[in-house]
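Asker: Okay, here's what each chain looks like letter by letter:
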Amino acid sequence: MKIKKKDIEYVANLSRIELSEIEKETFVHQLNDILSYIEKLNRLNTETVKPMSCAIDVTNIFREDIVEPSISLEDTQLNAPAIKGVFFKVPKVIE
Amino acid sequence: MRLSEYTALQIKKKIISREIRPIDLVEHFIKRIKDIDHDIQAYLTINEEETIKKAAQIQKKIENGENVGILAGIPIGIKDNICTKGLHTTCASKILENFIPPYDAFVVKRLKEEDAIILGKTNLDEFAMGSSTENSSFKITRNPWNSDYVPGGSSGGSAAAIAADLSILALGSDTGGSVRQPAAFCGVVGVKPTYGRVSRFGLIAFGSSLDQIGTLTRDVKDAAILLQVIAGHDLRDSTSMQVPVPDYLNEIDSGVHGLRIGIPKEYFDAGLNEDVHNALKNALRMYEQFGAKVVEISLPHTEFAVAVYYIVANAEASSNLARYDGVRYGYRTSKPNGIIDMYCHTRSEGFGNEVKRRIMLGNYALSSGYYDAYYLKASKVRNLIKNDFDVAFQNVDCIICPTSPVPGFKIGERAKNPLEMYLSDIYTIPANLTGIPGISVPCGFSKEGLPIGMQILGKHFEEKKLLQIAYAFERETDFHMKKPVLKWSTD
Amino acid sequence: MEYEVVVGLETHAELATVTKLFCGCSTKFGIEPNTQVCPVCLGMPGVLPVMNKKAFDYALKAAIALNCKIDEFTNFDRKSYYYPDLPKNYQISQNYYNLGADGYMDIHVNGLVSRIRIHNVHLEEEAGKLIHPEEVGADYSLVDFNRAGVPLLEIVSYPDMRNVDEVESYMQTLKKILLYTEVSDCKMQEGSLRFEASISLRKKGSEKLGNRVEIKNLNSMKSVLRALEYETKRQTDSLGRGETIDRETRLWDEVNEKSARMRSKEEAQDYRYFPEPDLLPVLVDRKWIAEIKETIPELPLAKKQRFMEVFKLSDYDTSLLVEEKVLADLFEDCIKILDRPKVFCNWIANDLLREVNEKKLDIHQLPVRPKQLAALVEMIEKGTISSTIAKEVFSEMILTGNDPQVIVEEKKLTQINDEGFIGAVIAKIISSNPSAIEDYKKGKKNALVFLVGQVMKETKGKANPKMVNELLQKKID
Ligand SMILES: [Mg+2]
Ligand SMILES: [Zn+2]
Chain B
1 MKIKKKDIEY VANLSRIELS EIEKETFVHQ LNDILSYIEK LNRLNTETVK PMSCAIDVTN
61 IFREDIVEPS ISLEDTQLNA PAIKGVFFKV PKVIE
Chain C
1 MRLSEYTALQ IKKKIISREI RPIDLVEHFI KRIKDIDHDI QAYLTINEEE TIKKAAQIQK
61 KIENGENVGI LAGIPIGIKD NICTKGLHTT CASKILENFI PPYDAFVVKR LKEEDAIILG
121 KTNLDEFAMG SSTENSSFKI TRNPWNSDYV PGGSSGGSAA AIAADLSILA LGSDTGGSVR
181 QPAAFCGVVG VKPTYGRVSR FGLIAFGSSL DQIGTLTRDV KDAAILLQVI AGHDLRDSTS
241 MQVPVPDYLN EIDSGVHGLR IGIPKEYFDA GLNEDVHNAL KNALRMYEQF GAKVVEISLP
301 HTEFAVAVYY IVANAEASSN LARYDGVRYG YRTSKPNGII DMYCHTRSEG FGNEVKRRIM
361 LGNYALSSGY YDAYYLKASK VRNLIKNDFD VAFQNVDCII CPTSPVPGFK IGERAKNPLE
421 MYLSDIYTIP ANLTGIPGIS VPCGFSKEGL PIGMQILGKH FEEKKLLQIA YAFERETDFH
481 MKKPVLKWST D
Chain D
1 MEYEVVVGLE THAELATVTK LFCGCSTKFG IEPNTQVCPV CLGMPGVLPV MNKKAFDYAL
61 KAAIALNCKI DEFTNFDRKS YYYPDLPKNY QISQNYYNLG ADGYMDIHVN GLVSRIRIHN
121 VHLEEEAGKL IHPEEVGADY SLVDFNRAGV PLLEIVSYPD MRNVDEVESY MQTLKKILLY
181 TEVSDCKMQE GSLRFEASIS LRKKGSEKLG NRVEIKNLNS MKSVLRALEY ETKRQTDSLG
241 RGETIDRETR LWDEVNEKSA RMRSKEEAQD YRYFPEPDLL PVLVDRKWIA EIKETIPELP
301 LAKKQRFMEV FKLSDYDTSL LVEEKVLADL FEDCIKILDR PKVFCNWIAN DLLREVNEKK
361 LDIHQLPVRP KQLAALVEMI EKGTISSTIA KEVFSEMILT GNDPQVIVEE KKLTQINDEG
421 FIGAVIAKII SSNPSAIEDY KKGKKNALVF LVGQVMKETK GKANPKMVNE LLQKKID
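Protein chains in written order, with full-length UniProt numbering: chain B, 1 to 95; chain C, 1 to 491; chain D, 1 to 477.
Just so you know, these hints were derived from the structure itself, not from any lab. None of the values given here were measured: they were computed from a predicted structure. Hints are supplied without guarantee of correctness; some may be wrong.
Stated by the list, open to error - Residues of chain D clear of chain B, computed beta-carbon distances all greater than 10 angstroms:
1) N163
2) S264
3) A374
4) A447
5) K462
Stated by the list, open to error - A few chain C residues facing chain D, derived, Cβ under 10 angstroms:
6) G65
7) F99
8) A205
9) T239
10) V312
11) I339
12) Y343
13) H345
14) L366
Think of the CB as a built atom: it goes at the ideal place given N, C-alpha and C, for glycine as much as any other residue.
Work out the full structure, taking the sequences as your base and the hints as a guide.
Answerer: Take a look at the structure:
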């Protein structure tokens, strides 16, 4: 499977990353290198293998439904790039 | 002996006996950092004011005969992807350049409870994505043993700080070898604990199923004492395990007599550097002399580990890094033209190339139509790799191999070829995929005078045994005592 | 050409936990924006989720109540999309495994029962809230994260509904089940119960489904029904003109009562689901399921059928009784004290509901106890009070929670059964209303009713009406 420029553009959009034309070219090459290396996984037959998404074998970890204090508005907004009153402010969102 | 050269255990005795005052100790370190860190670039932030305040408090406690924590007055450097309340935590990324966490990571809380002193925040590859600390947005950390070389990564700042005596203890994080490999490159001890041994709460995520906070120290006993403090269950991390934390120092000198050490044949192939190979052969000979039995084992799926890692780690990373959008914290582009434009420009301007490349790769592997071929496939092969280790550990107590196939590389040497960079993590990645603990200890030097690391891998939650095995080697050798000659130093 | 409408519904219900799904922040509604947040629900760097046990139990309870199969193994996934109210830009949800699957819910439409299959029930986290300022030309939006992380139950039906009546019944029945099981407060005005519809048309008799259109932004059950009517017409017209229906997502415009395209299938979101590495799988064993089953009460439809059979009540009355679990419970508790099903049914389904509507009372806060309602009925039967007075007493009871005996005592409302006293009042009324007597004698029966009314008025309604009638008749005949 060879990645093309339009694939890079599709993934860049999914990633919300803006790329220059030069960057797109570079990424086409670099990702293709990496993906062709990854191709080696296809040499393995994994039909009956269960996927592993966690390195430990534990289940059913819960917390109780008990209220804990929230943080102060000051801490909430401490790092905010833009606020208006108690709100976070963002460019207009059109549905 | 210079004040900055002591280990934590040595200095602890002197502090408690009031031979050394914490305030003098930390002032010594701050001065040393000011004098020489512009050449090494290990630190991103020096916590000067707080450090002095805290040292004075601890000193008072000691003078008053009050109880103090087990790391009382001992300075520690924290990798800058671990959250420290009120102290900048940047992940070496422009996107978090001004980020001040409103909370402490679990490990930081533990350190404070034990009266350790947070000296500063250390440099790393941006979001811990790299093996050289060249990918920091702010500075390139240099290997104290040779300034033309990388210190390894991504915990390069922490490793260099220990090697150059810019801190006594340090924390790093290890997603594919990021504690062990820089430990090897800088000639210090690095421990990656079992996944779930140390809470990840407050560790800024890279690959969530692989990340683990680890220690960087001058010797094995310091690793034991630091791990003692940060290990243990945390209710805020679902993957943190409720397994009792043993006393790591107790019985650390019980030796290796009768232990079976596995040597994976796949790890000693043609790609291995000759100096590294020789250092390992020497170390294994010593272990045999100590009474251990060295046996050859096989980990047949070794060659697939890097491929699996780069899918799993980057898939998780692409999702973990989606939150940096300029809405609630962090960098935001100026004058965005609408919300999507804000996202795209914030992220393009805020992230470096390596980070972008990994986000792209991760999103590609998860995207519609490719999930099965990449992510799911990798998750299955991950299980095969885990199975290799399960089988191996039925016959051996630990596995010994090089930490890195090479003793180090020059700054800029591998930056142009991402794939080659990724491949240098071949020996460290499997421990992250399987969650097992690993430790890297100094075991020699290359012809160029660069340190070489030996890696010891063990079963889940057998850190104590690993520390014993490592200490058995350390107490008979002096590799860990060697100091780099900082020719640029005024010290 | 005749078309058949095919509708499926996706329901989101906020669960009635006191804390969020992954952190200890309160879920209270209507609190000052961005004050019920913490690093976890703000998606700050370094934080991790830990699952609320109660939320999981509630989701399990709902899944069981909806007859879902519960697999032993379940897990959570990340669903990625960018939106400013989604703190991590992924939602922790379920995709590869669902908590419950392949269930069903029976609904009643025009006396017939139909079975609507449930595709799956799963647990996920709520997003925050976007506020669009009213001011003209404002180039910004505001975000409040108080709701972000509130536990959300998603219930996905199969496209088994064929008309708006079924859709309405589905929504009502589902709401009732969620209320009966107490997993959600279902307050639509607070957004804790929301619906999204998908609709397609197909030729009558055809098995093949047409292209599906999803409709979002439906703020009430009414808008769901209106939007479906609109969409049915739009698609019918379109097909009539020989056009094809695009697979798309449309937004309902409540004000203008029409929908508009939001995105087409080509622009469909690529959610990149993968297992959430920060949470561990959950194994649900039989014991756990049995424990949850214990907590599920008799559900509305079953209750209704039982009431009709056992108490011989009407379809209409029983639907009113089971509408709210508190009413059905009150009814049954009363019956246990005094075996008068029809009488209690009337009091609850008629009088109580009327009072509640007129005085805008909260049905869950009524202070009246079963013992008190039973006492009231007994007082009527014993003739202590008249049924007219009883209504007055009742409306006081449901406001104050006082015993009927106390109210009757305090207001001196005991029925007057004293023949002598009543006779005297009658005499007085007769003498002061000669024209009415004349009218009566001329054959105007209404005049008697008037005279009885006058007597009742004079005795402030306390005179035994039966006795008044008899005595009056005797006197003037
Ligand atoms: Mg959903
Ligand atoms: Zn919260």
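Asker: Confirm or reject each hint.
Answerer: Hint-by-hint comparison with the structure:
1. Distance check for N163 (chain D) against chain B: the nearest CB is about 29 angstroms away, which clears 10 angstroms, and the non-interface claim stands.
2. The Cβ of S264 (chain D) sits about 15 angstroms from the closest Cβ of chain B, beyond the 10 angstroms cut-off, so the non-interface label holds.
3. Here A374 (chain D) stays apart from chain B, with its beta-carbon at least about 37 angstroms from theirs, past the 10 angstroms limit.
4. The claim that A447 (chain D) is not at the interface with chain B holds, since no C-beta of that chain comes within 10 angstroms of its own (minimum 69 angstroms).
5. Every CB of chain B lies more than 10 angstroms from the CB of K462 (chain D), the least distance being 54 angstroms, so the non-interface label holds.
6. A distance limit of 10 angstroms between C-beta atoms decides the matter here; for G65 (chain C) the minimum to chain D is near 37 angstroms, and the interface restraint is violated.
7. Restraint check, F99 (chain C) versus chain D: the minimum CB separation of about 7 angstroms is within 10 angstroms; hint holds.
8. For the restraint placing A205 (chain C) at the interface with chain D, the shortest Cβ-Cβ distance is roughly 7 angstroms, inside the 10 angstroms limit, so the hint holds.
9. With a cut of 10 angstroms, the hint placing T239 (chain C) at the interface with chain D holds, because the nearest CB-to-CB distance is about 7 angstroms.
10. Checking V312 (chain C) against chain D by beta carbon gives a least distance of about 9 angstroms; that is within 10 angstroms, so the hint holds.
11. Given hint, I339 (chain C) at the interface with chain D, holds; its Cβ is 6 angstroms from that chain's nearest Cβ, closer than 10 angstroms.
12. With 10 angstroms as the threshold, the beta carbon of Y343 (chain C) comes within range of chain D, its nearest partner Cβ sitting at about 6 angstroms, so the hint holds.
13. For H345 (chain C), the interface hint is violated, the least distance from its beta-carbon to any beta-carbon of chain D being 13 angstroms, above 10 angstroms.
14. Of the supplied interface hints, the one on L366 (chain C) holds, with its beta-carbon coming within about 4 angstroms of a beta-carbon of chain D, less than 10 angstroms.
Of the numbered hints listed earlier, those contradicted by the structure are 6 and 13.
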